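With chain A's structure known, arrange chain B on it following the hints.
Protein sequence lines, in the order shown, are assigned to chains A and B. Under this note's numbering, the first residue of the first sequence is numbered 813, with each subsequent residue one higher. Under this note's numbering, the first residue of the second sequence is numbered 813, with each subsequent residue one higher.
To be clear, the hints were calculated from the coordinates, so they are not data collected in a lab. A few of these clues could be false.
Which copy? The list can't say, so a pair holds if one copy fits it or any two copies do.
[To be verified] Simulated crosslink set (BS3-like; lysine-lysine; CA at most 30 Å straight-line):
(1) Lys931 to Lys843
(2) Lys931 to Lys900
(3) Lys908 to Lys931
(4) Lys924 to Lys908
(5) Lys989 to Lys908
(6) Lys843 to Lys900
(7) Lys989 to Lys843
(8) Lys924 to Lys900
(9) Lys843 to Lys908
(10) Lys931 to Lys989
(11) Lys989 to Lys900
(12) Lys924 to Lys843
(13) Lys989 to Lys924
Given the structure is predicted, the values throughout are model-derived calculations rather than measurements.
2 protein chains.
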Amino acid sequence: MENPVLVEATRGPLVESRHRGALVIADSAGKTVFSLGDIGTPVFPRSAIKALQALPLLESGAADALDFDDAELALACASHNGEEVHAKSARIMLLKAGLTEEALECGPQWPKRMEDAAKLIQADEQPCALHNNCSGKHAAFLGLARVLGAPTAGYVAPEHPVQQEIRIVLEQMTGQKLTADICGTDGCSIPTYAAPLDGFARAFAVFGTGEGLSPGRARACERLYEACVNEPYMVAGAGRFCTEVMDAFRGRVFVKTGAEGVFCGSIPELGFGFALKCEDGATRAAEVMTAALLEVLLDTDEEQAEVLARQVTPEIQTRRGVRAGEVRPAPDFLAALMSIG
Amino acid sequence: MENPVLVEATRGPLVESRHRGALVIADSAGKTVFSLGDIGTPVFPRSAIKALQALPLLESGAADALDFDDAELALACASHNGEEVHAKSARIMLLKAGLTEEALECGPQWPKRMEDAAKLIQADEQPCALHNNCSGKHAAFLGLARVLGAPTAGYVAPEHPVQQEIRIVLEQMTGQKLTADICGTDGCSIPTYAAPLDGFARAFAVFGTGEGLSPGRARACERLYEACVNEPYMVAGAGRFCTEVMDAFRGRVFVKTGAEGVFCGSIPELGFGFALKCEDGATRAAEVMTAALLEVLLDTDEEQAEVLARQVTPEIQTRRGVRAGEVRPAPDFLAALMSIG
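Just chain A, same shape as in the assembly (with noise of 0.2 Å):
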């Protein structure tokens, strides 16, 4: 099955871009709600699933035995901005751990924004592996392998005991066997998983209820997706997505992005997952894609309604600040979204 154009782009008073996708949304149960597009063709999930690759921190009682906090909980889950805030989140983890970021194996990479860029630069640094906006995942990574009993050096390799328990809790969660034959590396060095996005979509209506999990899973659900809802600017940052539509929903959604044009997400009080992918990759498709599905799925207030408004349709602009067009949802798109329930 081809992917339908789900989310265009404008310029003037034409369509100039057109971004192709598919989307699932499940129960916890593993019925899909609905679907559009191929979601037989397996997805690399990558950051996207960073709260169940959290699970094993807590269900081993790592979480607690570091005593991590809320903060320290949703960095865990991040894909952060590597602003200042989230650069010492991930440092303190490491300190709790009794490491330091000499342990880390995700590499360097430059803080998201320019202006955290150049405080590092007017300060005569680099960047290093705190800025990687999967430090906090990997920081918990090496508290894990700490409380493991673990050799800390290679934890991101597949047969690493942190990446196997990472890779059973993610067979269970998601229904699908994980195998080297679909495994990729992800920008962090970690091993990742292509599934179908039903899989994804099941986990995380589960993650979002908890239902049908064993308490102890359940619990470590619950306390992840409070931790991101009660500290969404630890999960991305200053003018980011997931932070913004976590911060006005206050609790009643979960969203994660992931590279490469992947999205997933928990809305408990309808007991839906969803997971989707941006057949390009595109951030900024996935991104509509996700709050157009928000939008017709949940009653709003006026702050949530005017976060989703914006993340809906979000203005392309000249480098004068000047609205040239936008990116929006397909007609099409709207249209199937409207027919759910």
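Same frame as chain A, now just chain B:
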């Protein structure tokens, strides 16, 4: 007609993302030699036609009156990195026209590369309109306005004599009517007119060969072509596709990128021009499409083959610089290209 998948991005053993697109190769008589995808929908050419937008500068005598050299003519056709050499050359072009950067209406832009941005930050400077990737084109517009005796303020407006001159030349070169209903605003605030790809492919076949043109226009095309291929660093800069390809091909091809996944080019030895658009606007895919097209169409020496091989399948790396996948032409796209000639 649907756009086929022309480019794939892989990760480990799987294709992670897919880019669709449309492509036309034409000769200078306007005959379509080869096409793929939806070639009927009008495309905003954006910066890919800067060389055509510079024709009035030459034909009016303004380039000679202002004593613009090859490097400056190349900068007039450029989407440059905003490196020191680019910003400085744009300032000199303005000085030659008796103006300063205050006259530029393109808006400010950070240099493309962090190391060039860092130089500004270390000097406690903000980026200005000279660093805008279009500053050379705008300096050329202002030079033309001066020689035409037109006001310099407002030179970006569709009704300004400079933009009217350009619109007429574009109509002649593409064989298309360019009217307000297909006009958008480019990122640098000037009008951009959408037209089918075959119009642009034909225009660049003519640009590269001069066939069918008046002597004055043919000479203008030749001077701009020569300027770009002689000074490819001014057209883009360090690490950039257009610079590397034109540098390696030493006059055999002209290529130019445009925002939202557009590329245009001339291959005079074959009498061909081409124009392509990645449906979703991705530059990474438009570059691979262009490199694949050149690799199939042209006999190459060792250096040319090396540059194209790298640009046809650029590596996707982790933040530690380890290979994670690649961007590459889709097998069906390569097979279709092989069928040419």
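### Task
Return the numbers of the hints above that this structure violates; sort them in rising order.
1, 5, 6, 9, 10, 11, 12 and 13
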